Each structure stands twice: as structure tokens, then as C-alpha cells.
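Colleague: With the hints as a guide, dock the two chains, each given alone in a separate frame, to form the complex.
Residue numbers (the numbering used here), protein chains in the order written: chain A, 197 to 472; chain B, 59 to 339.
Treat the hints as calculated values from the structure; they're not laboratory data.
Treat the numbers as computed from the prediction; the structure is a model and nothing was measured.
Each hint should be verified, as a subset may be incorrect.
[Claimed, not checked] These stretches of chain B come out as covered by chain A in the derived footprint (C-beta under 8 Å, 3 or more residues):
#1 105 to 119
#2 138 to 150
#3 173 to 180
#4 246 to 252
#5 255 to 261
By construction, the Cβ of each residue, glycine as well, lies at the ideal position given by its N, Cα and C atoms.
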Amino acid sequence: MAAAGAPLHDPAARGRLTAALLALVVLWPLLALAEFKPWQLFDSANAQVMLNFLAGFWPPATGAEFLALLVRATLETVAIATAGIALAFVVAVPLAAVATRSLSVGRIGPARTRKLGTAVRTGARALLTFLRAIPEIVWALVFVRALGLGPGAGVLALAVTYGGMLGKVYTEILESGDTRPARALLEAGSPRVAALFYALVPGAAQELASYTVYRWECAVRASVVMGFVGAGGLGQLMDQSMKMLNGGEASTILLTFLALVIVADALSAVIRRVLA
Amino acid sequence: MSATEDHLRLADGELVHPNGQRALRGVSLRLSAGERAAVVGPSGAGKTTLIRVLGASLRPTRGQLEISGTDPWQLAAGALRRLRSGIGIVHQSPPIPPRLRVVTAVLAGRLGTRPAWQSLLSLVAPIDAEGARAALARLDLGERVFDRCDRLSGGQLQRVGIARVLYQQPALLLADEPVSALDPTLADASVGALVAESEARGATLVASLHAVDLALKWFPRLIGMRAGEIVFDRPTAAVTTAMLHELYATEGRELPRQGVDALVEDVRPPNVVVLKRPGCQ
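Just chain B, same shape as in the assembly (with noise of 0.2 Å):
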């Protein structure tokens, strides 16, 4: 395995708040490129920190990041605005202001890619109001694309989030907890849907996931995190019921789910996984 292989490699990742918390405590991690994981773990327990150093939006206090086998911390201001144009991250809480339009707030994906004087025009008359629309679509919003953003849910928004991001097409998709607003059957298509978009374009995919049996069904990988240290790290098959319990300190009671009763199993066997997945490989 060379290092050149790896998408994003984290190596031996700390990072201390400036309020001197320790959120992420050692932290090794290797992905290739087109690949899937979840990170799941309580709350706390440093996933959005995890992100965010994977993200390049947050300076690691020690340790290295590579991206494509480069540190975008040492990386010109130019090189490095050119690499981030292609890291897309979903926020739990979408950071859109509340007078912005949908459409401006999804175009808004390709400010990294697009010449500045275009994406001003934009604002005046949008530039690609269809491909706004179409990344909508995906997460059944598309009627909404003129709407503004203050007269959407708290769980329309979040997917306005979504759609922001799969209209950027990043090459690395990082999404932070992105379907916590929204109900079960809407956060499973959600997640579908940059599952689908991972795969249809081979970018690679980390997310953050509060609800076990989301990240169950949709990831090849799974990441346990606990009080910012790796717990486990092992393909989803792999991971036993036991060992989330113990993760989430659960013993006897139920993990945090969204409840997907009709798609994923209710009781399992003690150390085995279901996992269904309709439609896809």
C-alpha cells in the first residue's frame, strides 16, 4: 500500500481547542479514493472535529494530513483555495444566511470553481438555475428552487445543505451529522443520495452519522469513535452489536436509531450484522 493510493490520510491526528479541549486525541486514518466509511459514536465524542481536520477547515495541533498525498497546510494560498474547491462539506446546521434564495444559496456550490465576476452576475440573474434545480431533485426539493430560505423547514434547509454540495461535485464529500432535521424516511433517501452521488462519480465519502442503523445500511465502513479516540474502524460486516453497545456505554438499552423499521432489521443476533440495501450493490 504506497501513500499515493490513499485519498486522505490522517496521521497520528491531534487537535486541542483553544479553550485547551482535547477533541480528537491520536487519530489514524486511511482512505482510498471512491471510498465510503461512517463515523459513529456519542455525542462528543469528536466526529465533527474528525470532519473538519479531514475537511482542511480545521489546522490539526499535531500530527499530518494528506490529501491526495499533499499537506494543504503547506500549500500556497492559490493551490490551496484550488484544493478546497474540491472538499465539500455538509454541515449539521446548514450555514446559509435566511434571506438568500434556494437557487443562489445551491449555486453557491461552484463559488470555488466559477471566475468571481460570474458568480456576482449570478446573483442578478442565476447562471444555471437547472442545475441548481436538478441537485434539488435528487432530494425531493426541486419545485422549491426559487423559494427563500427563510420559508423552509428546519428539514428542507438542511437538505438545501445536501444539494449545495452535490451541485459542487467535490471530489472528497465530507457531511457532518447532515440528516439529523430530518425524519426517518427523508434521511435515508438523503443519505441514499450522497451515497449515489459518491458512487457515480467516484468521489470518496465520510459521514458522520448519529443514527447507527443509517450508517449500518449505507457504508461499507465503519468508524467508532469515543471521547476523540478511534474505537473501531473495521468493515461494517465486521462490526458487532456488541461492540456498538460498548461504544455508545448502552448496555441493555437501545442504540440511537432513526428508526428505518422497514429497512433494516429490528432485533439481530448478538454478533450479527443485517444489512439490506435495496437497489444498490
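Extracted from the complex, chain A is given alone in its bound form (with noise of 0.2 Å):
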């Protein structure tokens, strides 16, 4: 090295290390408790099992009573996962716009309405935690209970744990564009909804609903273990298929699953070159 002078120190690179370190002190007894061999896998005995089960899901059903059956289970899973997503927006776009920081007038001033603010803000927090933080699959089995078996349960368990995401990855998002908009608006006077819309959703709308979008998908994949608790929809079907040890019919199920994940994309693809 040819530099003059005292050599250049990273000030961060001490930190950074560290922090890697701290990682992998972590990580390991992390797997070692989620018992994770992944050389078992190469295991040759394991693998013959992993195989013949595989085999079982060879050749895909085509039976037309079958499909039949999977077209209407499919449209009730595509029904299930849009009226709970839209539920769940419903639920959380108030209190993503409640729970977002860079649109509080308090944290300008005055201070008497910042503690209020606090405590509002941390209440719809709370909510939205409490919401996720039970599976749906609970929620599911709750409702089933209340409506009985079918698809009306599945939408709720959506609605609720669905909601909760939403409003939290909505606040997140609305907080980490530039709040610099929303501040300027807030000090000449606008009501907070206003500077939401006017000066937070035109930078965050692709990545809204984008994630919008992403947790549809979700959804989707959610209704099938609802389905097993009787929620209704192609995870119905896929448990009666699963109990009848039928490969073939999981198997069509499981293609049905990569066409919705597909027509997704797409449709996260548009929306997104349209909100562009």
C-alpha cells in the first residue's frame, strides 16, 4: 500500500463485524433446537421414501367429474381469498392511516397533543398485533363454530388476521417513503386524511399494491388449511382427496395453486405498471 499517512479505518467495519458474529452465535443453537439434518434428506432410505410418496402424485386426475369438482372449489377459493382481502382492507387502511407516525401533528407540535397522539397511535398498533397474532386457522375454527362449515367462516378468519397484516406492512410502508410531503401539508394546515392521500399514497401506491396483491395470493394458499377445518374451497377438496390417499387429484390441486400464484403476478404486474 502505497497511501500517505495514517491508513483509513471504516469507522462501521468494527460494528459490522460484530453484529455477524452475534448472528451466527444465535443461528446455531436455533437450528440445532428445529432439529434441521439437512443430510438426512441424502439419507438413501429417506430419499426412497420421499420418492414413492412423491410417485403417488403421478399422473395428475383429469377425470371430468373431478374437474368439475375442481372448478367450483377453485372459483369458491378465488371468492373466499377477494371477499377476505377486501374485508381486510377495509379493516386496515383506517388503522394503518391511525397508526402512522409521519402523519401526526403532535410529533410537530404542540407537545400537549403529542402524548395523546402517542397513546392512539400505540393503541392501533396493539390491535393490528393483536389481530396477526393469531393464526387464521383459529380464527377459522372459531367461526366455523359460529356459522357453521362453509365458506362464510374462511372470508372472517381472513378478514381478521389478514386485516392485521395489512395495517401493519401499510404503516411500515407509508412511514419508510419521504415524509417530508405529508410534514409540509401538516404545517399549512391540512386534516391528517387529506395529507395521507395527497402526500403519502402517490410515492407508496405501487408498493401498496403490490402487497395487497402478494397477501391475495397469501390468502389463497390460506383458504387450503382453512379448508381442512371445513372452511370450504379447494382445501376441502384437497383433504378429502389427502384422506383418500388419491395423489393424482392432490397433485391437479397443487397445479390449479401454481396457475392462481401465476395469474397473481400478472395481475400484480398490470396493477403496478398502471399505478407507474
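Modeller: Shown next, in the form of C-alpha cells:
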């Protein structure tokens, strides 16, 4: 090194090294606790068992009667996911608007309203946490008891859990963008709702839309698990096929999922292009 | 002079930023309604902080601010919001999301005085596109009203920021380096538009300017700041070139100027400031 004077030391280097080592130290026992032993996959006996299981999935079922059932169940699943996300959106938007820190007038001042504002925001965040902390399958079990077997319970379960998830992520997306536009409007006396739509949403629209569509995709998958507890749709069909050890039917259902995910991807791309 | 005649009064204003940096020290200032003053000084002097403190967007750590005789920091939330809807701040870098259309960015100036539902409807179909275009036309941007802001140059966007505040029609007009991204001719015209707005409606105007020549040309009162303190505050006619050189510590070198050579004389006698302001009293 031909550098003149003392060599430059990156003041961030030590902190980064420490963080990396700390991550390793924390991760190792977690992997042990999770009984993560990937080499067992390559053990010849285990591999044979897996292959036999997978072979049962071939060929995919194509019987007319089954396909008619499949179409009906697919429509039901799409309906559950869409209705669930729509309701979740209705739950999430007001809570996110309340919880977003960059829309806080109290943070600009005066200080007296600041404490109240912080309390309300904390409350909204706590509610969002509660909604999403309980898995949708538990909500589904609760609602199945109230509404009986069928898609209605699945819709409500999605609305509650996904409302919590959407609200949390909306809040974080809105806070991670440029917050100066909102602050400037609030400083000129704008109401919070107007500041939200004039200053924050325009910059975050693409990300908000793509996350919402991604959650719709997740809702399609989640409806499988809920179908297992009788909340209707592809899940219920899958449950029946698995119980009858009909791998062909199961693989057709999985292909349907693949198609739905591809549809979600395309939808997301279109929406992002429109909002760009 | 009673306090109620002052539109704006800052007494012994101090501001310490959260990082410990002292941006204002013992700043006292009075402006009567309709008065126009320019704040000049080297960068880091505290000009931006002063503008924001005067606009009730930064609370002074110590000292008292009064706008029309009331301390904004003692007001209830609703009254403060009404007061703020009458304060317009032009920011140096316009706080406008790039995806917004120009018309929406300008109409946002009156969010504080419109019911929220009207403002939300206006996002679908602009409620007063004509008014927005009129404000933009004063800055020579009338034909860009339906363009998206990310299609504009930095200088055009800065003028959209000015148009928003003109459209707001505030009683207190504050501008923080409002023309820093503009070429000399546009800078001159844009400061002229702010001054004309203040004259037409009797609005009080305080602008921080990097270009001393613009301040000399358009403002009857000059406030010189350095290191968070007011160094001088007097009628422009009483400001000498020597005082300006001392303010910027530029002995023997040139003062920061926008370079409107045709309008302000290049060489000034040491103690006389030449003012030429066509079309204004």
C-alpha cells in the first residue's frame, strides 16, 4: 500500500463484524433446536420413502367429474380469498392511517397533543398486533362454530388476520417513504386524511398495491389450511383427496394453485404498471 | 409600538437541534402586517431554521413566538390548524411526491381551508384546475398544469412549490431559498411574483435568499444572519457593501449573487447600495 499518512479505518467495520458474529452465535443453537439436519435428506432409505410418496402424485387426475368439482372449489377459493382481502383492506386502512407516525400533527407540535397521539397510535398498533398474532386457522375454528361449515367462516378469518397484517405493513410502507411532503401539508393546516392521500399514498401506491396482491395470493394458499377445518374451497377438496390417498387429485389441485399464483403475479405486474 | 400591531414577533428565540447543534441564539424579530424582509447570510447561518420557527413548524427551544398576537404553541389543536392554514412556506426542495400531477400539487395548497371530503374528491376530478393554472401562469408554468411532477425539471418543480403557496393565499408568506434552482432571469421573476402576491393581498413576506442582489433589489428590509445570530437588521438602503462583505467574510472577493446583471449595477460605491426595481414603488 502506497497510501500517504495513516491508513484509513472504516469506523463502521468493527460494528458490522460484531453483528455478523452475533448472528452466527444466535442462529446455531436455533438450528439445533429446530432439528435441522439436511444431510438426512440424502440418506438412501429416506430418499426412497420420499420418492415413493411423490410417485403417488403422478399422473394428475383429469376425470370430468373431478374437474367439475375442482372448478367449483377453485371459484370458491378465489371468492373466499378476494372477499377476505377486501374485508381485511377495510379493517387495515383506517388502522394504518391512525398508526402512521408521519401523519402525526402532535409530533410537529404542540407538545400537549403529542402524548395523546402517541397513546392512540400505540393502541392502533396493539390492535393490529392482536389481530395478526392469532393464526387464521384459529379464527376459522372459532367462526366455523358460529357460522357453521362453509366459506363464510374462512372469509371472516382472513378478514381478521389479514387485516392485522395489511395494516401493519401499510403503516410501515407509509412511514418508510419520503415523509417531508406530509409534514409540509400538515404544517399548512391540512387534515390528516388529506395529507395521507396527497402526500403519502402517491409515493407508496405501487408498493401498497403489490403487497395487497401478494396477500391475496397468500390468502389463496391459506384457504387450503382452512379448508382442512371445513371452511370450504380447494382446501376441503384437498383434504378429501389426501384422506383417500388420491395423489393424482392432489397434484391437480397443486397445479391449480400454481396457476392461481401465476395469475396473482400477472395481476400485480399490471397494477404496478398502471400506477407507475 | 404595541405588540398587537406586529404580525410576527419572535422574542429571544433559541433553537437547539436534537443533535445538540445550536441553530438560533437569542434571535429577536418583529414584522408588521404586510412587511417584506429578506434574510441573508452564509450557509449554515440558521436561515432555514429561522423561517421554520417563524412558520410555527419548529418550536423554539427557548423564547417566544407570536403570530398576530397569539403564541401558536399554546393554541388548541383546532385553532392551531386554522392558524397554520394561513401560513405558507415555500421550501428550498419542494416537498412534492414525484407521481403527483402538477394540478394536484398546486391544489394541495388549500387543503387547510377545504373540507377533507372535497379534497379527496378533487383527487378524482380536480376541483379548481382553473385556479391552479392561474397560480402556475404567474410563474410561467401555466401550460404544464396536467403534467406529472416527475416530468418537470428541478427548477420547474421549485416553481410548482411556489405556485402551491401562491394558491394557498396565506396571510404569512415564508420562503426558504425559494429560487435556488432557477436561472437568473426566472429567479428574478419568481421572487417578483412572491413580492407581487404580498403587495396585492397585504401578506407579510419573509424570504431567505442566497443571492444578495435579489434581496437588495426586491426587499425594503434586510436581515443578516451568521452562526445563528442576527448580525444586522435594517432598511435595505442603510445596508452597506462593507456590512455584506463582513457578513459573508468575503473581503476582496465577490458576494454570492444570482447575477441579474442587467437589473442591478455591478459596481457599487463602498457605502451605497443601488436599487433598481422596475415596475414597483
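Colleague: State for each hint whether it applies.
Modeller: How the hints compare with the structure:
For the segment 105 to 119 of chain B, the stated coverage by chain A is satisfied: 4 residues place a CB nearer than 8 Å to a CB of that chain, which reaches the threshold of 3. Counting residues of the segment 138 to 150 of chain B whose CB lies closer than 8 Å to any CB of chain A gives 11, so the stated coverage by that chain holds, three being the minimum. For the segment 173 to 180 of chain B, the stated coverage by chain A is satisfied: 3 residues place a CB nearer than 8 Å to a CB of that chain, which reaches the threshold of 3. Using a Cβ-Cβ cut-off of 8 Å, 0 residues of the segment 246 to 252 of chain B lie near chain A, which falls short of the minimum of three, so the contact claim is violated.
Counting residues of the segment 255 to 261 of chain B whose CB lies closer than 8 Å to any CB of chain A gives 0, so the stated coverage by that chain is violated, three being the minimum.
Going down the numbered hints, you'll see the structure goes against 4 and 5, while the others check out.
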